[in-house]
Each structure stands twice: as C-alpha cells, then as structure tokens.
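The hints should help you fit chain B onto chain A, whose structure is shown.
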Amino acid sequence: MKLRDISINNLRRRKGKVLFLALGLTIGITTVVTLISITRTMTEDISNKLDEFGANILVLPRSNDLALSYGGLNIGGVSVDTQTLKDSDIPKIRQIEVRENISTVSPKLIGVVELEGKKILLTGVLFQEEVRLKKWWRVHGTIPKSRDEVLLGNEVAVRLFKSTNDSLTLNGKRVRISGMLEETGSQDDFLIFGDLTLAQEVLKKPGALSLIEVSAFCISCPIEEIVRQISKALPHAKVTAIKQTLQTKMEALDHFKKFSVGLSVIVLLIGGLIVFTNMMASVNERKREIGIFRAIGFRKSHVIKIVFFEALIIGLIGGGAGYLLGLGLSTVLGPILTGIKGGRISVDPVLAVGVVLLSVAMGILSSIYPAIHASKMDPTTALRAL
Amino acid sequence: MSLIEIRNLSKIYESGEERVVALGDVNLNIERGEFISVMGPSGSGKSTLLTILGGLNHPTEGEVMVDEIPIYQLPLEKLADFRREYLGFIFQSFQLIPYLTVIENVMLPLAITEKSNREQVNLAGEILEKMGLEGKRKRLPDQLSGGEQERVAIARALVNSPPVLLADEPTGNLDSKTGREIMELFKSLNEEGQSIVMVTHNPESVAFSSRTLHLRDGKVAEGDPRREGEIGSRS
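Line by line, the protein sequences are chains A and B. Quick note, this note's numbering runs 246 ahead of the 1-based positions in the first sequence. By this note's numbering, the letter at position 222 of the second sequence is numbered 218, and the numbering carries on one by one without gaps.
Hint data in this document are derived by calculation from the structure and do not stem from the laboratory. Don't take every hint at face value.
What the hints assert, rightly or not - Here are the in silico distance ranges between beta carbons for each label pair:
hint, chain 1, residue 1, chain 2, residue 2, range
1, B, GLU110, A, LEU579, 49 to 55 Å
2, A, ARG250, B, ASN169, 28 to 34 Å
3, A, VAL578, B, GLU110, 48 to 54 Å
4, B, GLY121, A, LEU570, 50 to 56 Å
5, B, LYS134, A, TYR615, 25 to 31 Å
6, B, GLU110, A, LYS503, 47 to 53 Å
7, A, SER547, B, PRO37, 49 to 55 Å
8, B, PRO37, A, TYR615, 38 to 44 Å
9, B, LYS134, A, LEU579, 43 to 49 Å
Claimed, not checked - To spell it out: a stretch of chain A is covered by chain B in this simulated footprint if at least three of its residues, at any positions, have a beta carbon under 8 Å from a beta carbon of chain B; those stretches are:
hint, region
10, 250 to 259
11, 527 to 538
12, 545 to 557
Every residue gets a Cβ at the ideal spot worked out from N, C-alpha and C, and that includes glycine.
Pulled out of the complex, with its shape left as it was, chain A reads as follows (with noise of 0.2 Å):
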C-alpha cells in the first residue's frame, strides 16, 4: 500500500464524494471549453465574414510620378510610364496559389462624364461583385441587371434632381436609373454606377480597368502573402494591402477574444474556489482519519501527499468530464447563440490535454491550504479528547 492507494480507496468507494468535489472544476473547465469553442466558430466566421465585408486589397496601374519644381516653386507632377489594367488581369488574380482565400474581385473603371452642364464621376463595375464587397449599400429601386441600367449615388441624385426609373444620356447613350443608393458617407455618394461595358463604352477605353478591389480571407493565411502572389501575377500593377482595414477587423476580433478570455477567467476562479470550499469542508468532515494518521506516525508531508493526490484525481477528472461537456454543450449552444449554421466543432487534443493540465493545477492550487491544514490537525482527536 502506498500514500495514492489512500486517496484512490477514498474516491473509489466514495463515489458521491467525488461528484461534489469535482464539481466546481468541471463547470469551470466545461465553461472554458465552450467559450474556446464557439469563440473559435465565431472568430473564423466573422473573420471570414469581415473579409467579405470591404476589400483588403487594392490593385493600381503601376506608374512613376515625377514631381517637377523650379526655383522653389512646385510646378506640379507627371506621370510617366503608365502601365494599365486589362479585363484579361481579372482571371489572373483568381489564379494564385492561395486562391481559395480570394473572396470578392471587383474591377472598376472610373471616367468623368459630363451630364446636363455637370462634371459627374462614372463608375464601370461588375455588379455581381460590387455588391457582394460592399455588403453595406442600401438600394432604393434595384440594382441594375442590364447594360442599359445605372445607379446613383445619393448626392448625385440630388445634384440632378433624379429618381428611380429617370432617363440619363451618358456621352450619348441613353441608359435607364434602376434604383439609388441610400447615403453611405464614402466616395459612393458621389458617383454613378454602371455595367463595367457601358463604362468601358461610354468613356472609350475598351478594355481597360481603373483599379481591382480585392477581398481576400486572411485568417489562414497572411495578406502579405496574398499580396505577394497577385503582384507576382500582375507584374505591371501595384498591389497594397490595405491595412487600415484590416486593423480594424484585428482589431474587433481581439476584442472579442479578450471577453472571452475573461469570462473564462472569472469563470474558472470561481470554479477553483468551489473546489477549495468542497476541500476544506472535506478535509474538516475527515478530522479523526487525519487524526489516526498523525498518531500512527505519518508525518504532515505524508498527509499534505494524500490531500494533493486527491485533488489530482479530482483534477483529471474534472478536467476530462469539463472537457467532453464542453464539446458537447457547445456543439448544441454554438448554433443557437451564434446562429452560425454548421459551424465546425471537433475534438481538438491540445485544447484536451491543456484544459486538463489547468483543472489539475486549479484543483492542487484550490488545495495547498486544506492540505496544509490537514496536516496540522490535533492527533489526539483520533482519541478521547480532554
């Protein structure tokens, strides 16, 4: 017989025992992994979502500025070797290795056109695309399904004194007003979107493209090295992530993990102090027991040993129960509080060997000071006490 065989008959035969003991830790462990669980779903799905949400990549036409100054004075800048985008460098970008991380591709071209004595800005798009990036836009009639249809910004419908089902002349072509934006506050206001065809037409540059709006997933693979890859494939372009974006997205991602780490948290502490209550109590329930050990000769580390081989016990399980619990609390819970439908959730054996690890250290750390106090228990409880 050894010091564990104590502790591991106490459980064994003591089964009710465990369960109380137990149970603070494996609702904590159990809260842990349910968070760990939905935070993840939900962190991939509103990373994929918020990637979807804008673009994170802008391809340009690569050109070198030349600022010109004389005598001081800034005359003004030129642009030389100008290089433009083509329709044909759409399929490139949906090419590249890490190609099922391109989520949107959006291509425009951008041209004045002047309409009823004003300058307005005219907006070549794929509307397919377009609308998919830009989840925000709020259409009053509908968005264009032909090359005769345009949309508006809301200022510019204002400007012209236009609505829903107006006629425009577009440098010559007659094209119908499908619907109007609601106001966005961006650049969106100011311009007229249209078939990317119409605007290629209308501004006589068959072909060509301004600029690439591109929306890609990062969560699994770095923007660097998309970026990398479409400049790779788009040699005379300029491709920049745009960070600002993204930091944004980061930015509300950790926000979220932050919460989640701090409920877990709390949630654990209180676990552990459960279990440091049920432990004392325990230890207080077992005076005489301590008592005969002490008087039989154990010495106080011998029964600090039982105390903390119990609580590994307990820990383990704790920690194992807390764990499948979790996995199957949050497998339930996840697509109701989430509304993410077929989320993934799997067995995951780092997070099991790590919550396991924490309910042991929690259940031994909850028991440093009954076992402590165990062992300085009066050993002439276990006789006839004066």
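Chain B only, in chain A's frame:
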C-alpha cells in the same frame, strides 16, 4: 534501563481564567514485557497519560523516556517517526478507516515504510491469520462485528512490531464475552513478550494485566492484582 521512564510529569490545561491540573508530578517506570492497566474515574487523567506516552501531547513539565529516547525533545516530524517505529495504537471505538478493507486498514502503518507491496501483504496476512480474520480480509469495517473490528485495530497496531502497545478502552464498545476474548488475546500477546499499556474502566480487564496504576485527580497510585496495597508513586 526501563522501557518507559516518566519523571516529574505534569500536564496543566489553561483556558482563560480556568486552570485544570490533569496530571501532577507523576513518576513511573514501565519495564519490557509488562502489561499495565491504568484505571481511574472520569477526569482522573488516564487519557492524558496515554496521549503523553504516545508522543501526542506535550507535558507541561517533566520528561518521558522511551527506550532511552527523550521523546519530547525530538522535532515534531521525528516524533511522528518515533510513533511509527515504537508504538502501536489501539484507539477507543476501533477508529478503522471506513473506506479501506480489513487488509488495507492493517497495512496502513506500512504505507509510509519502504516495504514492498508483497512484503506488506504478507505481514498483514500473517497478523490477520493470528487474529482469526484471514477469511475477512476484503471486507469493509462496517461489514464486521464489534469484536472483529477490535481485532483489526489490534492487527493494525501490531503490524509494525512496535515495542509498546497503547490501548484506550479496548473493550469499551464490546459485550462482556467478546471483551473477555480480546483480553485473552492481549494476555497471549503479552506472554509472547509484547509490552502493553491499557486504559480501562472495566475491573474485569484489570485481572489480565500484570500491574495496575490507579489515577485519581492526576496522581498515580500503583496496585498489583497479585500484590495488593503496594504504592509506587512518589506523589
């Protein structure tokens, strides 16, 4: 040299204004192979004397030597080691561990020794056979009769072969027939050379011992059932 020597032993309990003299200037020698009964009314200091002999209760004054070791000069953890090596305790109400089987209870003092599991099982098995409990080794304490539990408690006390057995009211929870059986067992252990110090209320138990100490108000008077009237205390 005597096995146990007690010199000028006093134990005083103080609680606020109250001062209780549990033992007052006790002097006593216990030889190897003796079977001592300690008798006295409630509050006479019997349990205090037993706990002091057992290294569980520091005296207020005086010295206790066991096998020439001044036990109360030992550091606390060495005192625990002393109890393990020198003493076998038989507590009142048996005090078996309820979640350990008979053989596990008997092996309990061996859990902190270097003995292998096999050695422990063999030792415990031998003693259980001697106690007539070999067939009940896998039972839990609440599945045993009072007499059987007492035998398990005795087996646990003997498993380390201690020089001294300390027994606190070993027949206190038993019927008279079973009590006699336990006393016969104690007598046979003593005849094999085991030194025993037994606290008892039961005058019938006293007859089995070689010497009786009568305690009254913390002071000792000795009486030998065979040699009535002899006083050995200096108090």
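Checklist entry - Per the coverage rule (Cβ-Cβ under 8 Å, at least three residues), is the region 250 to 259 of chain A covered by chain B? => result Since 6 is at least three, the answer is holds.
Checklist entry - Do three or more residues from the region 527 to 538 of chain A put their C-beta atoms closer than 8 Å to C-beta atoms of chain B? => result holds (count 3)
Checklist entry - Per the hint of 28 to 34 Å, is the separation of the Cβ atoms of ARG250(A) and ASN169(B) within bounds? => result With Cβ atoms ~32 Å apart, the hint holds.
Next on the checklist: Is 25 to 31 Å respected by the C-beta to C-beta distance linking LYS134(B) and TYR615(A)?
Outcome noted: Roughly 36 Å apart at Cβ, these two residues miss the hinted range, so it is violated.
Checklist entry - Can the suggested window of 49 to 55 Å be confirmed for the beta-carbon pair GLU110(B) and LEU579(A)? => result For GLU110(B) and LEU579(A) the Cβ distance comes to about 53 Å; the hint holds.
Item to check | Cβ separation of LYS134(B) and LEU579(A), checked against the hinted range 43 to 49 Å | outcome: holds, 46 Å
Checklist entry - Measuring from beta carbon to beta carbon, are SER547(A) and PRO37(B) in 49 to 55 Å? => result About 40 Å separates the Cβ atoms of SER547(A) and PRO37(B), which means 49 to 55 Å is violated.
Next on the checklist: Given the hint of 50 to 56 Å, is the C-beta distance from GLY121(B) to LEU570(A) inside that range or not?
Outcome noted: Since GLY121(B) and LEU570(A) have Cβ atoms about 41 Å apart, the given range 50 to 56 Å is violated.
Item to check | Outcome for the supplied range 47 to 53 Å, where the beta carbon pair is GLU110(B) and LYS503(A) | outcome: Given about 52 Å between the Cβ atoms, the range holds.
Item to check | Outcome of range test on Cβ distance (VAL578(A), GLU110(B); 48 to 54 Å) | outcome: holds, 52 Å
Item to check | Outcome of range test on Cβ distance (PRO37(B), TYR615(A); 38 to 44 Å) | outcome: holds, 42 Å
Checklist entry - Checking C-beta pairs, does the region 545 to 557 of chain A have three or more residues closer than 8 Å to chain B? => result Holds, because 4 residues of the region 545 to 557 of chain A bring their Cβ atoms closer than 8 Å to Cβ atoms of chain B.
Figure legend: structure checked against the earlier numbered hints; hints not met, in rising order: 4, 5 and 7.
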